[in-house]
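**Student:** In order, the protein sequence lines correspond to chains A, Y and H.
Numbering of the first sequence is given in the working numbering, commencing with residue 1 and proceeding in unit increments.
Numbering of the second sequence is given in the working numbering, commencing with residue 134 and proceeding in unit increments.
Numbering of the third sequence is given in the working numbering, commencing with residue 561 and proceeding in unit increments.
Hints should not be assumed to be uniformly reliable.
[Claimed, not checked] Straight line, CA to CA, 25 angstroms or less: simulated BS3-like cross-link-like pairs of lysine-lysine: (1) Lys-532/Y with Lys-48/A; (2) Lys-532/Y with Lys-138/Y; (3) Lys-905/H with Lys-482/Y; (4) Lys-48/A with Lys-361/Y; (5) Lys-478/Y with Lys-249/Y; (6) Lys-79/A with Lys-528/Y.
For the record, the hints were derived by calculation from the structure and aren't laboratory data.
Please read all numbers here as calculations on a predicted model, not as lab measurements.
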Amino acid sequence: MPSIVDIAVNNEGFSTLVAAVQAAGLVETLAGEGDFTVFAPNDDAFAKLPPGTIQTLVQNPPQLARILTYHVAAGRLTKDDLIKLGEVTSIEGSPIPINGEDDFEVKNATVLAADIEADNGIIHVIDNVILMG
Amino acid sequence: MITTKIPPSTHPHADVIHRLEAGGSMLPDTPENLMQIIGIYKAYAVPMDFYWRDLLYIAEQVFLEPFRFFKYFISDEYLERQNHYAGDQADLRIWRGTGSAHPELLEFMKKGETFKSSKLFHHLFHDRINMEFAEACMRAMLWHGRDMGLGKFDAYLDSDEYKANADRAIKAYFKKNPVMLGLYKLFPDMFLEQVRELSYYANLGLFWEVMAPVFFEMSDIYDEGGFKGVPDAMNFLVNGIFAIAGRPIYHHVYIDGECFEIIPKSKGFTWLYEAALPYVEAVFYRTAPFRGTKSYNAQAHEVPDAQKDFHYGILYADVFPVGTAGIPPTLLMDDMYHFLPQYLKDYYKEHCRGEDDELIQLGITFQRSMYNVTSAVIQALRTALLYPLDDPNPKHLQKNREFFEAQMDRFLRPEARLRDIQNAEYR
Amino acid sequence: MLSFLLFLPLVGIGAIALFPRPLTRIVATVFTVVTLAISSGLLINLNLQDAGMQYTEFHNWLSILGLNYNLGVDGLSLPLIVLNSLLTLVAIYSIGESNHRPKLYYSLILLINSGITGALIANNLLLFFLFYEIELIPFYLLIAIWGGEKKGYASTKFLIYTAISGLCVLAAFLGIVWLSQSSNFDFENLTLENLEFNTKVILLTILLIGFGIKIPLVPLHTWLPDAYVEANPAVTVLLGGVFAKLGTYGLVRFGLQLFPDVWSTVSPALAVIGTVSVMYGSLAAIAQRDLKRMVAYSSIGHMGYILVSTAAGTELSLLGAVAQMISHSLILALLFHLVGIIERKVGTRDLDVLNGLMNPVRGLPLTSSLLILAGMASAGIPGLVGFVAEFLVFQGSFSRFPIPTLFCIIASGLTAVYFVILLNRTCFGRLDSHTAYYPKVFASEKIPAIALTVIILFLGLQPAWLTRWIEPTTSQFIAAIPTVQTIALTPAELSKAP
Chain A
1 MPSIVDIAVN
11 NEGFSTLVAA
21 VQAAGLVETL
31 AGEGDFTVFA
41 PNDDAFAKLP
51 PGTIQTLVQN
61 PPQLARILTY
71 HVAAGRLTKD
81 DLIKLGEVTS
91 IEGSPIPING
101 EDDFEVKNAT
111 VLAADIEADN
121 GIIHVIDNVI
131 LMG
Chain Y
134 MITTKIPPST
144 HPHADVIHRL
154 EAGGSMLPDT
164 PENLMQIIGI
174 YKAYAVPMDF
184 YWRDLLYIAE
194 QVFLEPFRFF
204 KYFISDEYLE
214 RQNHYAGDQA
224 DLRIWRGTGS
234 AHPELLEFMK
244 KGETFKSSKL
254 FHHLFHDRIN
264 MEFAEACMRA
274 MLWHGRDMGL
284 GKFDAYLDSD
294 EYKANADRAI
304 KAYFKKNPVM
314 LGLYKLFPDM
324 FLEQVRELSY
334 YANLGLFWEV
344 MAPVFFEMSD
354 IYDEGGFKGV
364 PDAMNFLVNG
374 IFAIAGRPIY
384 HHVYIDGECF
394 EIIPKSKGFT
404 WLYEAALPYV
414 EAVFYRTAPF
424 RGTKSYNAQA
434 HEVPDAQKDF
444 HYGILYADVF
454 PVGTAGIPPT
464 LLMDDMYHFL
474 PQYLKDYYKE
484 HCRGEDDELI
494 QLGITFQRSM
504 YNVTSAVIQA
514 LRTALLYPLD
524 DPNPKHLQKN
534 REFFEAQMDR
544 FLRPEARLRD
554 IQNAEYR
Chain H
561 MLSFLLFLPL
571 VGIGAIALFP
581 RPLTRIVATV
591 FTVVTLAISS
601 GLLINLNLQD
611 AGMQYTEFHN
621 WLSILGLNYN
631 LGVDGLSLPL
641 IVLNSLLTLV
651 AIYSIGESNH
661 RPKLYYSLIL
671 LINSGITGAL
681 IANNLLLFFL
691 FYEIELIPFY
701 LLIAIWGGEK
711 KGYASTKFLI
721 YTAISGLCVL
731 AAFLGIVWLS
741 QSSNFDFENL
751 TLENLEFNTK
761 VILLTILLIG
771 FGIKIPLVPL
781 HTWLPDAYVE
791 ANPAVTVLLG
801 GVFAKLGTYG
811 LVRFGLQLFP
821 DVWSTVSPAL
831 AVIGTVSVMY
841 GSLAAIAQRD
851 LKRMVAYSSI
861 GHMGYILVST
871 AAGTELSLLG
881 AVAQMISHSL
891 ILALLFHLVG
901 IIERKVGTRD
911 LDVLNGLMNP
921 VRGLPLTSSL
931 LILAGMASAG
941 IPGLVGFVAE
951 FLVFQGSFSR
961 FPIPTLFCII
971 ASGLTAVYFV
981 ILLNRTCFGR
991 LDSHTAYYPK
1001 VFASEKIPAI
1011 ALTVIILFLG
1021 LQPAWLTRWI
1031 EPTTSQFIAA
1041 IPTVQTIALT
1051 PAELSKAP
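Bound-form chain A, shown alone (with noise of 0.2 angstroms):
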């Protein structure tokens, strides 16, 4: 199976996020081993963001890798998981909320994908980058 890496290089609509997680130097963490469960803004996601944020964001590694770590949770927590914990702590240390009651909700996202199975983790769609607080 396709690492989380792989997975996001080989589909459409992830060429920002690749592109930060390059920049962030987390490229190796997030092909290598250990479960993740990581909540991926696509393209679009991305794009809501005001001009100039991926910019400074890029400029800046140790920020980037807050931000995009914050999008990552230990161990491999599908959609069911996930809605019954209700919150999970990110690796960068913040907790994320998690809401089932409607659409399944990450935060202030809504994912669009759910329970994409990876070698090393799922990965779950979301339109909105989240942020922390």
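Assemble the complex: chain A is given as a structure, and chains Y and H must be docked to it using the hints.
**Tutor:** Same frame as chain A, now just chains Y and H:
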């Protein structure tokens, strides 16, 4: 425009909440308001240009100098230091103008209000930029830092890694000074606390480094007629906040040409979480009661018991300066007074006591403008953490509504000036 | 010369009628300034060796009635005449920039000036009474037209009280002349030796009641708080500054000078009445919450000093009495002028509402500072003219009436109490930012205040300029009192007194 998807709010500040939900600001959208706030942003940005440079000068160069008599005597290197967000060499060019110190600032530093003379004379005569205000803001952030719990900056200052970094820097700074090294062995915590304070100097300096070009650019856009109203200005601020949200916050010290990274960039501290949000909370909302205006006697119960209840920031301020000593915002008003654009000076001449009470008039304008900045922060937080204003899902809109109401709850206390700024006659 | 002084303001009234409306105030100012200049000139050229009447003029007028046009001034009346013109000048500018019916207003002011001058320069009892009564209608009109809310009530009350005062005075004068069978009402022709002692006591009592209403003395004072509070501050300046002084002038001129032998018998009672006035005024002032009312009661208190020291009848105390007349007028004029400014700009007189006026940017800093100085002067702080007058009063009266003087000194301390209350509420504290949009204070309002302050300071530091005109005349009055032990003070020692 009240959204028809959810029923109207019943909050006492419902009118302001509806305006926020429509994409507006807490400040009413009138041309007069727009003129006032843009003018004062420009007047604020020029001293701010000095503040951020000198704050970094103190944090990076002056560092632990025991007798810091000349900490305001900024070096030319820092005056010429390029702002990361203005000028040709900018990382992200927010302001089209120069990256070094603003020409009006340099002009004022030469001449002051009186006449051209030596720096020492201007300093002692207090005919200079009132850097004490910047230090007061820094102290507010330092003092409230632990209690606010916003971001990871303050928690990091207690970590072992920080202590180790600081220890190296202190030893390097005093390597030729056995007396101070001996003092450091006796009282390590004292020196460590000084370094923490200097880290906050750096934090505030890096925060304001970004705000100055934002305000300059807003003034330029307004002069060209690019803002149609107050919401436009607020949205420019919101976009600005997002654009620089990822700016790193760090503390590098330069001792004998060598760089000591007390807080390295690799810690990942961001402008938004570690600088901007603590700043807004500590300086706009809380600050500290000004000496002479409130009794610090605990039995008098004039100062709230909990830090979170402090309400001495600009959003709650009574702008009439009660004497000029000991109240830092009056220092800022004096600074802004020197750099008012002509259209604002003309405006003030026609109202109240004309030139005699310009300081108060501009202080109230400044209060209006800071409500606008706070609105931008609130809208930016909503964009980042909640849902768009035109979200079709009523549950999302309700969450937005609750967020706005929680923010407006902070303006329910009688000292809040939210109701006053709705009225154009509040001058 | 004195006639010129008397008729110049009347010519001024004519001029006001002729000149266009915007120039009215300037016309009135010009005439008052000329009057002030002339009276100051007369004062400076007063012959200090001659303690009798100077600059005299005499014309037969209505000899059948005994009324002659007999004028003259001495050290008692001339300083009061200068004071009169000075306060008229202050009153012209104390009304504020815009007042309705200016022509009538300034004409009445000038008429009052003329009337008071006339009363002070008259050397004939009936002539004095004539001018004494002329004041009535102008003041009534001034209170009734330009007054506050209860102006009708206050002005009518004032009219009735003052009319009765005039009646008492007239009765006493007629009694003096007819019972003593003097040839006419002229001062020099009054022969009181053939009156019995008891008759003199009765006449003096009636005179005292008449002037006591005017001063005012407790319990005849009840017209004062209403009149002073409801009148426009400019009118109050004149009421308290010169109108009330006519009462004390009459007391000294007709009470002390005409009845020296009776005076020492009656004086203990007078001292008690004076002390009651002083204590009542001071204590009542402490209780007030209205700014103007507080100053009005303070005025009652300070006038009581004059009675106490006149009663004591020593050289020093009578000097102190006249000095206090002038000092009190100056301080009262300053106080009411400043209170007037505060009321006009801030819009309220309520001490519970006023706050923080010393704010240099949005407040009334100059007005508040001068108010503090005026309060200090009233409380008798050394260096200001109030101290000079009060010290003379206390020093002079103590030998004769130690207990009343002690009460007066206590009341002087109480003055500080209510002034500190006033200043604490009005000047200090924090301006209410919701209401503090006060208009600017104009130069025409500032200059009278500054001028009065300068005079108060100057006379406080150089009191000889106050006492040298008065001293010869008062010494002569006291010398005529038979049973009073005069304190052996030479003029040289007197001028060394602080």
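**Student:** Lys-905/H and Lys-482/Y were given as a pair; does the straight-line alpha-carbon distance stay at or below 25 angstroms?
**Tutor:** holds, 20 angstroms
**Student:** Would you mind confirming whether the straight-line C-alpha gap from Lys-48/A to Lys-361/Y stays at or under 25 angstroms?
**Tutor:** holds, 23 angstroms
**Student:** For the pair supplied as a hint, Lys-478/Y and Lys-249/Y, is the alpha-carbon distance within the 25 angstroms limit?
**Tutor:** At roughly 24 angstroms apart (the allowed maximum being 25 angstroms), Lys-249/Y and Lys-478/Y satisfy the hint.
**Student:** When you check the alpha-carbon spacing of Lys-532/Y and Lys-48/A, does it fall within 25 angstroms?
**Tutor:** Judged against 25 angstroms, a Cα distance of about 20 angstroms means the pair holds.
**Student:** Check the hint pairing Lys-532/Y with Lys-138/Y against an upper bound of 25 angstroms on the C-alpha distance.
**Tutor:** holds, 13 angstroms
**Student:** Keeping to a limit of 25 angstroms between CA atoms, is the pair of Lys-79/A and Lys-528/Y held or broken?
**Tutor:** Cα-Cα ~21 angstroms, so holds.
Hint compliance for this structure: every hint is met.
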